[in-house]
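Q: What follows is each chain in one-letter form.
2 protein chains.
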Amino acid sequence: MTFLAVQPVDGQNYGSPIHEHSENEVRDLIARAAREAQNLAKLSPQKQAQLLRAIAESIESHRAELITSACAETGLPEGRIGGEITRTTVQFNLFAQLVETGRHLRVVIDKADPNYSPAPRPDIRRQNQPLGVVAIFAASNFPLAFSVAGGDSASALASGNAVVAKGHPSHPNTCAIVEGAVKSALKSSELSEDLFSVVQGVNPQITHWLANDENVKAIGFTGSENVGRILIDIASKREVPIPVFAEMGSLNPVFVTSAAISERSLELAKGLVDSALLGSGQFCTKPGLVFVPASSDGFLAEIKDHLATLKVGPLLSASIAKRYSAAISELSSVGAVKVLAGITNEAGFGATPTIFVTDWKTAQSHPALLEEHFGPTTVVISADESQYLSIASSLKGQLTATIQGSSKDSVQPLMQLLSEHAGRVIWNGFPTGVAVTEAMQHGGPWPASSTHTTSVGIDAIYRFMRPVAYQSFAQDVLPEALKDSNPWKVEQKIN
Amino acid sequence: MTFLAVQPVDGQNYGSPIHEHSENEVRDLIARAAREAQNLAKLSPQKQAQLLRAIAESIESHRAELITSACAETGLPEGRIGGEITRTTVQFNLFAQLVETGRHLRVVIDKADPNYSPAPRPDIRRQNQPLGVVAIFAASNFPLAFSVAGGDSASALASGNAVVAKGHPSHPNTCAIVEGAVKSALKSSELSEDLFSVVQGVNPQITHWLANDENVKAIGFTGSENVGRILIDIASKREVPIPVFAEMGSLNPVFVTSAAISERSLELAKGLVDSALLGSGQFCTKPGLVFVPASSDGFLAEIKDHLATLKVGPLLSASIAKRYSAAISELSSVGAVKVLAGITNEAGFGATPTIFVTDWKTAQSHPALLEEHFGPTTVVISADESQYLSIASSLKGQLTATIQGSSKDSVQPLMQLLSEHAGRVIWNGFPTGVAVTEAMQHGGPWPASSTHTTSVGIDAIYRFMRPVAYQSFAQDVLPEALKDSNPWKVEQKIN
Numbered sequence: 001m002t003f004l005a006v007q008p009v010d011g012q013n014y015g016s017p018i019h020e021h022s023e024n025e026v027r028d029l030i031a032r033a034a035r036e037a038q039n040l041a042k043l044s045p046q047k048q049a050q051l052l053r054a055i056a057e058s059i060e061s062h063r064a065e066l067i068t069s070a071c072a073e074t075g076l077p078e079g080r081i082g083g084e085i086t087r088t089t090v091q092f093n094l095f096a097q098l099v100e101t102g103r104h105l106r107v108v109i110d111k112a113d114p115n116y117s118p119a120p121r122p123d124i125r126r127q128n129q130p131l132g133v134v135a136i137f138a139a140s141n142f143p144l145a146f147s148v149a150g151g152d153s154a155s156a157l158a159s160g161n162a163v164v165a166k167g168h169p170s171h172p173n174t175c176a177i178v179e180g181a182v183k184s185a186l187k188s189s190e191l192s193e194d195l196f197s198v199v200q201g202v203n204p205q206i207t208h209w210l211a212n213d214e215n216v217k218a219i220g221f222t223g224s225e226n227v228g229r230i231l232i233d234i235a236s237k238r239e240v241p242i243p244v245f246a247e248m249g250s251l252n253p254v255f256v257t258s259a260a261i262s263e264r265s266l267e268l269a270k271g272l273v274d275s276a277l278l279g280s281g282q283f284c285t286k287p288g289l290v291f292v293p294a295s296s297d298g299f300l301a302e303i304k305d306h307l308a309t310l311k312v313g314p315l316l317s318a319s320i321a322k323r324y325s326a327a328i329s330e331l332s333s334v335g336a337v338k339v340l341a342g343i344t345n346e347a348g349f350g351a352t353p354t355i356f357v358t359d360w361k362t363a364q365s366h367p368a369l370l371e372e373h374f375g376p377t378t379v380v381i382s383a384d385e386s387q388y389l390s391i392a393s394s395l396k397g398q399l400t401a402t403i404q405g406s407s408k409d410s411v412q413p414l415m416q417l418l419s420e421h422a423g424r425v426i427w428n429g430f431p432t433g434v435a436v437t438e439a440m441q442h443g444g445p446w447p448a449s450s451t452h453t454t455s456v457g458i459d460a461i462y463r464f465m466r467p468v469a470y471q472s473f474a475q476d477v478l479p480e481a482l483k484d485s486n487p488w489k490v491e492q493k494i495n
Numbered sequence: 001m002t003f004l005a006v007q008p009v010d011g012q013n014y015g016s017p018i019h020e021h022s023e024n025e026v027r028d029l030i031a032r033a034a035r036e037a038q039n040l041a042k043l044s045p046q047k048q049a050q051l052l053r054a055i056a057e058s059i060e061s062h063r064a065e066l067i068t069s070a071c072a073e074t075g076l077p078e079g080r081i082g083g084e085i086t087r088t089t090v091q092f093n094l095f096a097q098l099v100e101t102g103r104h105l106r107v108v109i110d111k112a113d114p115n116y117s118p119a120p121r122p123d124i125r126r127q128n129q130p131l132g133v134v135a136i137f138a139a140s141n142f143p144l145a146f147s148v149a150g151g152d153s154a155s156a157l158a159s160g161n162a163v164v165a166k167g168h169p170s171h172p173n174t175c176a177i178v179e180g181a182v183k184s185a186l187k188s189s190e191l192s193e194d195l196f197s198v199v200q201g202v203n204p205q206i207t208h209w210l211a212n213d214e215n216v217k218a219i220g221f222t223g224s225e226n227v228g229r230i231l232i233d234i235a236s237k238r239e240v241p242i243p244v245f246a247e248m249g250s251l252n253p254v255f256v257t258s259a260a261i262s263e264r265s266l267e268l269a270k271g272l273v274d275s276a277l278l279g280s281g282q283f284c285t286k287p288g289l290v291f292v293p294a295s296s297d298g299f300l301a302e303i304k305d306h307l308a309t310l311k312v313g314p315l316l317s318a319s320i321a322k323r324y325s326a327a328i329s330e331l332s333s334v335g336a337v338k339v340l341a342g343i344t345n346e347a348g349f350g351a352t353p354t355i356f357v358t359d360w361k362t363a364q365s366h367p368a369l370l371e372e373h374f375g376p377t378t379v380v381i382s383a384d385e386s387q388y389l390s391i392a393s394s395l396k397g398q399l400t401a402t403i404q405g406s407s408k409d410s411v412q413p414l415m416q417l418l419s420e421h422a423g424r425v426i427w428n429g430f431p432t433g434v435a436v437t438e439a440m441q442h443g444g445p446w447p448a449s450s451t452h453t454t455s456v457g458i459d460a461i462y463r464f465m466r467p468v469a470y471q472s473f474a475q476d477v478l479p480e481a482l483k484d485s486n487p488w489k490v491e492q493k494i495n
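Chains as they are written, first to last, in our numbering: chain A, 1 to 495; chain B, 1 to 495.
There could be a bad hint or two in this list.
Which copy is meant is left open, so a pair is good if it fits within one copy or across any two.
Dumping the calculated EDC-like pairs for lysine to aspartate or glutamate here, alpha-carbon to alpha-carbon at most 16 Å [what the hints assert, rightly or not]:
{"#": "1", "residue 1": "LYS111", "residue 2": "GLU438"}
{"#": "2", "residue 1": "LYS408", "residue 2": "ASP476"}
{"#": "3", "residue 1": "LYS187", "residue 2": "ASP297"}
{"#": "4", "residue 1": "LYS483", "residue 2": "ASP123"}
{"#": "5", "residue 1": "LYS47", "residue 2": "GLU372"}
{"#": "6", "residue 1": "LYS111", "residue 2": "ASP123"}
{"#": "7", "residue 1": "LYS183", "residue 2": "GLU214"}
{"#": "8", "residue 1": "LYS483", "residue 2": "GLU385"}
{"#": "9", "residue 1": "LYS493", "residue 2": "ASP10"}
{"#": "10", "residue 1": "LYS47", "residue 2": "GLU190"}
{"#": "11", "residue 1": "LYS493", "residue 2": "GLU438"}
{"#": "12", "residue 1": "LYS493", "residue 2": "ASP123"}
{"#": "13", "residue 1": "LYS270", "residue 2": "GLU36"}
{"#": "14", "residue 1": "LYS47", "residue 2": "ASP384"}
{"#": "15", "residue 1": "LYS183", "residue 2": "GLU20"}
{"#": "16", "residue 1": "LYS408", "residue 2": "GLU263"}
{"#": "17", "residue 1": "LYS493", "residue 2": "GLU23"}
{"#": "18", "residue 1": "LYS237", "residue 2": "GLU225"}
Simulated from the structure, these hints should not be mistaken for lab results.
Nothing here was measured: the structure is a model prediction, and the numbers come from that model.
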């Protein structure tokens, strides 16, 4: 069986027929990955870093092909796809930089101490070890940076795991090119190509086969709360439950103060609309709720005027376009909601950018206004500024929460409250655009993510390792990273 | 309603009637804890360390009372209880040492960089923050060091969380004394006593009330795989799922080589039996499976002779005693199993230390031989040494796995394989006795624990915090630990 990609720009098929993986094939790929996993796990940090850099180079060498394929399959502009290729290679290179220091192994050596309290202690040495095979579910909205060799796969490979990645059926040709690039880097590094495989298909059972296979030791997932719940349910009912690192929904609320509007009304209006419409509103960090002070009529007029000039690219898939148009109809039908519109894109999976304006009382009685809607829309809610704290405390977990204010505002109470509900709190910025840095936190209280980890930035690597302590082994037997002679020259904390 | 403790030594009631908490009372204590949580969270690391030391001192000041109560309620000897009190205070003091450095906040500061690739980066600063209220379920087998103010509660408090702990009904008077000690330390530190509460009762619904209360943000649990699964199920079905850090079953297999037997047969036989019988065999790290080479008749005779001289203290509770005696009957009835016995303790919840000897083939066809049985028993399995690798790879996840060998053995392949199945791998030692050190790992693949964390040692603190990133905030607004001026003098990694 095969399936075909569909071009968002015109709804036509694109590329080669893609092989739909059967259950046997999926299980066979996982078994092959499991057989080879130890060969990756045992490499020195230096060799592992070399592999990560080789993958980055190999992906880079397919830049032209990837741009052609990903632009066609996602309808995203060339500049965005080019940036994503760069981000994908940067991610591998950042992990390489970390891995070659061995710092991610978090080696701690407690030497034997007969005088230790409450009891003499033996020699105990701990390091992080990879898990084996990790299953990664690619996101639709980042065809490279969060797809089959995106941040999740990069962090799983960087920590020494074999990866079986489920390609997203909305960009299968792009996934196939990336698969080839990674396999070719494995081959040139004299490692088995079985260490990285992509499974493809539109059959929803593939998700189950991956999540319940006994050789799969952890799951990385980016997608909806519904599918996240299904994965967590499958994973926790296994004979041996496994962790699911799911990054799911977020409304990314923005709180605008009246002082901010007084200081930079037009800049703010444009910035907010642009952030909500960026990538056709298909970022997990899209500002989906914007709180503005009551009596912000001038500011709302600026939002309306700016929006009226804007048209966005088509949505990523027919199903996203359908859900978007259903959501817009539903929200439009709520009384006491003003509907602002941009320019309709009629081609393919095109859509009309739409912003809803309402008040907090209306929003509270219409739950759909407080839900995430993928696509170029946001909900602007007017409220008394004195209500911001109670509004913030009523919100679910978020990837980000933003305050747009002035240096005259007393911002600390709101910032602190938002930090209890979000993984990242932003001052006078916009939530879209997630820097890939060490301090980045991309993940927050449920439903933003299922665990207290990050899926962006180098700390993502710690999701796919577990600590193992070695007690009283002789130097020549210990794993290399734990030896006193430290042949791998990794960072060791010695007590 | 009230209930009474029962003395293992004679089955008689002990101590005061203990108030059984109702649902309203449990929810009220959680709500109170939630209201106060922020007052603990916002303390400086130095003040938090002071509180932890004050708790340790307060517990120490109740030493005499605690020894009387815990010895009566558990039947454990005074030396053991005294050691546990010391371990409990050591745990608080170790966390104090860590917390005052602020290292646990894992502060990372990425300063703004307009030249950062793939895109300019804003100023991003990350720290770990406490979760709010953590529910801790006390273990029966450590009436102090893993009870209401044991390692789990200490790590939750040390990371700045309020704690509501469920006392184990087999040592309720001890739990009440500890509760008073912690509350008095809170009071003397000018903090609300609501930050730490103990709920007590024999009603199994208490577990549900704690696990599904919306103010509870994480669970720490030590107990059986069955109850662990129930907690994980409740926690994952909540509107807002929460993490469950469960430490559950482990068989702690020991692999003995023939070279080890040649070198130190008697010492080994005694050491193994003593480790299996320590604390009446009620440690989570008890060696529950011992693999010996075929034709180890002399060694088995030494085990038999040593066991015959030993008597253990009573079991912790009537239910443990009942399950132990049922398990012993079941295993004794398997054909092809030799039953070795120690001296029967007839008092109260006394039991007969019993060791089963069989071969690998028999063990494989009788699953009960490969399950955890709480109490003074272990299963010795003879196998060809060449089978050790395949046996090891067939085992479930373990807290520990041990090799008893000789420097003549090629130990690396077995050590590496065991490291894939256990949290701690031990050479020529015994698994009982878990040093409270930085490199310690107490937790392993399922069912040893539900996550890749440790519940013993200072890294246990990271279970109860989550990272939050602050983007572009002004210096005077940022949390203290993230300021350039670093008023708390915490460890900051600055990029």
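Q: Which hints from the list above does the structure break, by number from lowest to highest?
A: 3, 5, 7, 8, 9, 13, 14, 15, 17
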